[in-house]
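Mapping of the sequence shown onto my numbering: position 6 corresponds to residue -7, and the numbering continues sequentially without gaps.
Since the hints were derived computationally from the structure, they do not count as laboratory data. One should not assume that every hint holds.
To be verified - Using 16 Å as the maximum straight-line C-alpha spacing, the simulated EDC-like pairs for lysine to aspartate or glutamate come out as follows: (1) 372 with 446; (2) 342 with 514; (3) 443 with 424; (4) 511 with 403; (5) 472 with 406; (6) 632 with 423; (7) 342 with 311; (8) 518 with 507; (9) 632 with 406; (10) 372 with 507; (11) 472 with 495; (12) 430 with 446; (13) 342 with 446; (14) 472 with 423; (15) 451 with 491; (16) 395 with 424; (17) 355 with 491; (18) 671 with 596.
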Amino acid sequence: MYVKLAKSNAKKSIKDYLIYFITITICVSLFYAITSLSSSSYELITEESYNFQNLKLILKYSTYIITAMLILLIAYVNKYMIRRRQREFAIYVLHGMEQKNVALMFFVETLVIGILAIISGIFVGTLFSQVITAIVLMSAKQEVVFNFKLYMDTVGITFIFFMSMFCIIGLYNIIVLRKIKLIDMLNASKQVEFQFKRSGKVYSVVFAVSIILYIICGYCTFKLINTKIDYSMESLIFIPISLASFIIGTYALFYSISYIIIHMKNKYINFKYEGTNLFLIGTLVSKIKSAPILMATIAMTFLGAMISFIITLVMAQWALGYLDMRVPYDVEIRNNYSNGFLTENNITDINDIPKLDYSEIIDYLNNKGHDVNSYCEVEKYFINKDDFYNKDKNNVSTIAISLSDFNKLRSMLGYDEIELKDNEFTTQWHSAVTDEEINSYIKDHANLNVNGEELKLSENSYYKESIGEGLYGFYANNIIILPDKVCDNLTFAEKNFLANINNEMSYEEADDFQYKYVNEWFIKNNDEFVKKYSEKYDISSSIVRVRIKSAETNDILNMTLAMRILGIYLGVVLLMISLTVLSLSQLADSIEHKDRFSVLKRLGVEDKEISKIILKQIPLYFIIPIAIAMIGVVIFIYNYYLIYKDIIRTYIGDTTYILSIITGIVLMIGIYICYFGGTYYTFKRNVNN
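Using the sequences provided together with the hints, build the complete structure.
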């Protein structure tokens, strides 16, 4: 009998809590789709240069963490169900059913709903998994091939993960239901979720505090807008203050806003009694007053969802843009003679620095079938000989390369070669450096003295085309370009190797070359140097830095895909949690306060007018927390842009940055409209039935 009753109640629960069921179904489907990438049966066909094992691991375990947040939603919905149905449970007890059996029956009900949601989610997840596969393949510039199939190991993981959450909450509910007194069950409909009993002065003070906190947030934002961001503590301190004041101010606002609305309602009598305003305001105030902390938390959750949507898309574009600047050449080998490295290993004699010969590297690449297309062995020089002994990172050493090497690097990337007169020099700058900084430097360095010879700045005083970041010295953003004959008399600093190859390395080949072959090559050709300075540890792996374009592309691609997929998933989960709670809270009103609408009907209010009231009530309740969250998003996004605007313009572009924001907002609005429409339809159905 109990099982039959549980099944019957479960069917009714699905209809009453359809939004919750759909939310869990979608979350299960996304969980299954993402986790299926790590299935032992999953095959992702890409070129040999790509290896997505790290991506699979990141997605797998990050998905577990993000999905675990759903336990908060499940707990809230179960608490809501218990509160709404306590009177029904009391009737069961009065009819002779033991309270522990009532609790067990409710547990079975929620479990049935959960199992149905899991099954539905897995089938929908097979579609989503193809979407994720398509995203991965398109990012890797591969042909998209669809393969609809169920991965049984992923099905098992999905069932175990979600069933564990349902069982944890279900067992807790059994304990709670067994302890509730019968009289409390019968009177549950007269209780509210949370009630404040303070004087009007307390609410007024709290409201004033919330306004002050918002003003502080606005002031900090204003200071950020009108102050040059120099990444100092004085400059960056405005960011946490702005964020903290906004969050605390939001909680204070919701704590006190119901009292303020009541005060305004009583003050403006004409507005109060105009049309159905009295009914609408009363309903709104009652809801905010009963759950202010919940409303504020929903606003913050929505804020987190929007930031997750937008920032992860922006960061992914940032990483891709940075890749083009980081590794423009297929192979790059450079030396690490930083101040920290020299000091740590007590390297004090400049004559000990090895002058590397990369001919073996070229032969190795050709013998392995990679076919070196073009290469350059770039010699770097100290303009001031004593700069080798400079240990002050705030006093950056000036590094120079010859004009012929610079032109070779440019031609390898398809740039035009440049010309310099014998008494001229020019500069090459990191792509992220602003024109303002460059012009300031050039203004103070129009002339350069090199070993007593005076050089003047060329008419084309600087270049910003990307030639890789490895050529710049540590803590430096520029290098000096000098005529070849001037470099002949300068102090040697280091020798880098850059090459383009016709046949790309596979991921395994790049890994072997980067971490094994080059290290062995350096030890073999610089045995005395390695032995002399390897007292503490083998310095060979630290002194030579290797970057392979195919490997770097693979790593960046793994990172950007992880950010995009997890960012959207996190945003969807947070958004669905907040919107589901908002929706269920409204639907509770449609059931628990159905008599209010019955009174309106008896007073002669037409169904059309009641529909308008519902259409006003739901948007108000949905818009208030979301509007506050939107203000926070605008502040965050603008501050984020101010801090990183130079990097955004360099690696992302203002247009792409704006498009990423618009994409995130459109995605959120789409989900919002779906929940709003579903809530309105169900609310209206509950009132009319």
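Evaluated hints:
1. A distance of roughly 27 Å separates the Cα atoms of residue 372 and residue 446; the hinted pair therefore is violated under the 16 Å criterion.
2. As the CA atoms of residue 342 and residue 514 are separated by approximately 13 Å, the hinted pair is consistent with the 16 Å bound.
3. Pair hint residue 443 plus residue 424 does not hold up; C-alpha atoms about 19 Å apart against a cutoff of 16 Å.
4. Our distance criterion of 16 Å between C-alpha atoms is broken by residue 511 and residue 403, whose separation comes to about 38 Å.
5. Distance check on the hinted pair: residue 472 and residue 406 sit about 14 Å apart at the alpha-carbon level, within 16 Å; holds.
6. Proposed proximity of residue 632 and residue 423 is supported: the alpha carbons are some 13 Å apart, at most 16 Å.
7. Our distance criterion of 16 Å between C-alpha atoms is broken by residue 342 and residue 311, whose separation comes to about 29 Å.
8. For the hint pairing residue 518 with residue 507, the CA-to-CA distance comes to about 14 Å; that is within 16 Å, so the pair holds.
9. The suggested pairing of residue 632 with residue 406 is violated, with an alpha-carbon distance near 33 Å, which exceeds 16 Å.
10. Annotation: proposed proximity of residue 372 to residue 507 is violated, straight-line Cα distance about 31 Å (limit 16 Å).
11. A distance of roughly 42 Å separates the Cα atoms of residue 472 and residue 495; the hinted pair therefore is violated under the 16 Å criterion.
12. Among the hinted pairs, residue 430 with residue 446 is consistent with the structure: their alpha-carbon atoms are about 13 Å apart, no more than 16 Å.
13. Taken as a hint, the residue 342 and residue 446 pair is broken in the structure, with Cα atoms around 33 Å apart against an allowance of 16 Å.
14. At roughly 32 Å between alpha-carbon atoms, residue 472 and residue 423 are farther apart than 16 Å, so this suggested pair is violated.
15. Distance hint between residue 451 and residue 491 is unfulfilled; the C-alpha atoms sit about 27 Å from each other, more than 16 Å.
16. At most 16 Å may separate the alpha-carbon atoms for a hinted pair to count; residue 395 and residue 424 exceed this at roughly 27 Å.
17. Only pairs whose Cα atoms come within 16 Å are accepted, and residue 355 paired with residue 491 is accepted, the gap being roughly 11 Å.
18. Distance check on the hinted pair: residue 671 and residue 596 sit about 12 Å apart at the alpha-carbon level, within 16 Å; holds.
The structure shown violates the earlier hints numbered 1, 3, 4, 7, 9, 10, 11, 13, 14, 15, 16.
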